[in-house]
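Protein chains: 2
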Amino acid sequence: MAQGTNSISLPVRIGICAPSTPLPREAADRVLALAALTHPQAELIFDPQCFLEEGHFAGSDRQRTDSFVALANDPSLDAIWFARGGYGAARIAEAAVEQLDGSAKSKIYLGYSDAGNLLGALYRAGFDRVAHGPMASDIGRTSGDRAVRRALDWIVHEKSDALEPGLERGRKYAAFNVMTLTMMTGTRLIPDLRDHILIIEEISEYLYGLDRAMFHLCSNLAEHGLNGIRLGNVSDIPENDRPFGEDPEAITRRWCQSNDIAYLGRSEIGHDVENRIVPFGLLKP
Amino acid sequence: MAQGTNSISLPVRIGICAPSTPLPREAADRVLALAALTHPQAELIFDPQCFLEEGHFAGSDRQRTDSFVALANDPSLDAIWFARGGYGAARIAEAAVEQLDGSAKSKIYLGYSDAGNLLGALYRAGFDRVAHGPMASDIGRTSGDRAVRRALDWIVHEKSDALEPGLERGRKYAAFNVMTLTMMTGTRLIPDLRDHILIIEEISEYLYGLDRAMFHLCSNLAEHGLNGIRLGNVSDIPENDRPFGEDPEAITRRWCQSNDIAYLGRSEIGHDVENRIVPFGLLKP
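Protein chains in written order, with the numbering used here: chain A, 1 to 285; chain B, 286 to 570.
Pulled out of the complex, with its shape left as it was, chain A reads as follows:
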């Protein structure tokens, strides 16, 4: 964050945009009310683009791109917080990141799920303050205020107790939703993950779909020099017409093994209020 050691607190100005699907206005209102209580030094700026609707998306590709680029290039903002996932960031990430300038580089970027497309593209482009963690839309979950407070704790204070508890200083990390990352392989969005511990999570996928995605992901990453894979929460698994016969950890372990990737155990990320912060890149000692 911009002024952590100042005794006179300058506002931390956080621009919020929706690169995927729209945020309900009442969710934004609840986040503003909460932040006013818990993080009075934060100034949250919800771009009106967050509330646009065009088919599936929070406005057209152009509108979502322009909103993100304008906020990221605004030198008066300290951080970009993604409002919500869904689907849509893959359609704009490459073109959006190409339009960023120097003042975009110093900002914190925070989000997860479909926003992983932007996290990946930013990290690939050399942005070093990119992090996987809760979004404004998490206010809608039961006890969602915990997730939102954690996000603001990271953006405003870079509080270390917001971090995923298994992270080790001196190692490199990246975190993604499985299906999001699966669809990024081989495209201009996926960053170089050599020497990284990759942390993954999933929601609302059949176990056969998770297995298929892990086949793809581990096959594609096998030669990329990963340090290993850790598995976050896999939630809301739809019931299929018959049981798959393996749980998510067994699936992950098996695909890691058959691709000579180290499986490093579980992790506290996921589509839930426990979703902890994973900064991309080297966790500085």
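To be clear, the hints were calculated from the coordinates, so they are not data collected in a lab.
Since we're looking at a predicted model, the values are computed, not measured.
Idealized CB from N, CA, C, for every residue including glycine.
It is possible that some hints are incorrect.
Ranges of calculated distance between the beta carbons of each label pair, as one might list FRET restraints [claimed, not checked]:
1. Glu54/A - Pro325/B: 54 to 64 Å
2. Gly102/A - Glu338/B: 56 to 66 Å
3. Glu53/A - Arg426/B: 49 to 59 Å
4. Asn240/A - Asp314/B: 52 to 62 Å
5. Asp521/B - Ser235/A: 17 to 27 Å
6. Asn240/A - Leu317/B: 25 to 35 Å
7. Arg527/B - Gly102/A: 29 to 39 Å
8. Pro243/A - Pro528/B: 31 to 41 Å
9. Asp61/A - Ile330/B: 44 to 54 Å
10. Lys457/B - Gly265/A: 45 to 55 Å
11. Pro243/A - Ile330/B: 47 to 57 Å
12. Asp195/A - Pro296/B: 38 to 48 Å
13. Pro528/B - Asn240/A: 48 to 58 Å
Among the chain B residues that face chain A by a calculated CB cut under 8 Å, a handful are [claimed, not checked]:
14. Pro333
15. Phe336
16. Ala375
17. Thr470
18. Gly471
19. Phe500
20. His501
21. Ser504
22. Asn505
23. Phe529
24. Glu531
25. Ala535
26. Arg538
27. Tyr548
28. Arg551
Add chain B to chain A, keeping to what the hints say.
Same frame as chain A, now just chain B:
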């Protein structure tokens, strides 16, 4: 097929295995009864492996591999017909194809959907009688006998009216389910599609999921020298909480355009009884 121009009809022996999910026995019985009437010169051999169940799959990875390899390497068989899709062939295709010998090379292979993993791996390995078309499980559809008869027309007679009607002699083709092919990119299963017209179809995917897969697929194939893409049927699209805003053809056209791939129009393949035959590779003049 083995003896199309013989006036004394030798039996065409067709080995049937299930590389993905199990086939109901009564489906096999119905296919046998139909074939006895319509294709008396065909001898259909359902491997008992078709009826095994292990979790999601028609037996273990080993059992499914062994069944396919044994049938494919059996010199007394003329063709391998895949029983059913679902999911599972990606787990065995690479290891299975590595075990094939010379007598496997002269056979016809027919299937679609998840069996595309084997079609792709076989074609990649130089097998030149691989085709996308109906499977035994299609007997379960309304008027499913039409699909089964078409499959047998191809395997037994290589009847040209079983072919997808838009195919042109002298051009190269391949056909896949979108999600199956999406998960094959970057793996050792996807064949070289240079100069090919790629025909794709999809079932039971949300339109945002189709859009995401087309982002991945077109991004990955953009530099691979495709001749173009044709779109088959996109069926059973689940209803989302809001309309996507574009139909499958508009989605396909847009991703083709942004990746400089020619969009060549519609095609008669899909998860339905109209699913026509697409032989892989050069359609001989």
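To see whether the hints hold, each was checked on the structure:
1. Glu54/A - Pro325/B: 54 to 64 Å: Hint holds: Cβ distance 58 Å, inside 54 to 64 Å.
2. Gly102/A - Glu338/B: 56 to 66 Å: holds (60 Å)
3. Glu53/A - Arg426/B: 49 to 59 Å: Given range 49 to 59 Å: violated, Cβ gap about 38 Å.
4. Asn240/A - Asp314/B: 52 to 62 Å: violated (25 Å)
5. Asp521/B - Ser235/A: 17 to 27 Å: holds (25 Å)
6. Asn240/A - Leu317/B: 25 to 35 Å: With a Cβ separation near 29 Å, asparagine 240/A and leucine 317/B satisfy 25 to 35 Å, so the hint holds.
7. Arg527/B - Gly102/A: 29 to 39 Å: holds (38 Å)
8. Pro243/A - Pro528/B: 31 to 41 Å: holds (34 Å)
9. Asp61/A - Ile330/B: 44 to 54 Å: holds (53 Å)
10. Lys457/B - Gly265/A: 45 to 55 Å: holds (47 Å)
11. Pro243/A - Ile330/B: 47 to 57 Å: For proline 243/A and isoleucine 330/B the Cβ distance comes to about 30 Å; the hint is violated.
12. Asp195/A - Pro296/B: 38 to 48 Å: violated (59 Å)
13. Pro528/B - Asn240/A: 48 to 58 Å: Violated - the Cβ-Cβ distance for proline 528/B and asparagine 240/A, about 27 Å, lies outside 48 to 58 Å.
14. Pro333: violated (19 Å)
15. Phe336: Given a least distance of 14 Å, the restraint on phenylalanine 336/B is violated.
16. Ala375: holds (5 Å)
17. Thr470: holds (6 Å)
18. Gly471: holds (4 Å)
19. Phe500: holds (5 Å)
20. His501: holds (4 Å)
21. Ser504: holds (4 Å)
22. Asn505: Holds: closest Cβ of chain A sits about 4 Å from asparagine 505/B, inside 8 Å.
23. Phe529: At 5 Å from the nearest chain A Cβ, phenylalanine 529/B passes the 8 Å test, so the hint holds.
24. Glu531: Status holds, d = 7 Å.
25. Ala535: violated (11 Å)
26. Arg538: violated (15 Å)
27. Tyr548: violated (18 Å)
28. Arg551: Violated. Min distance 22 Å.
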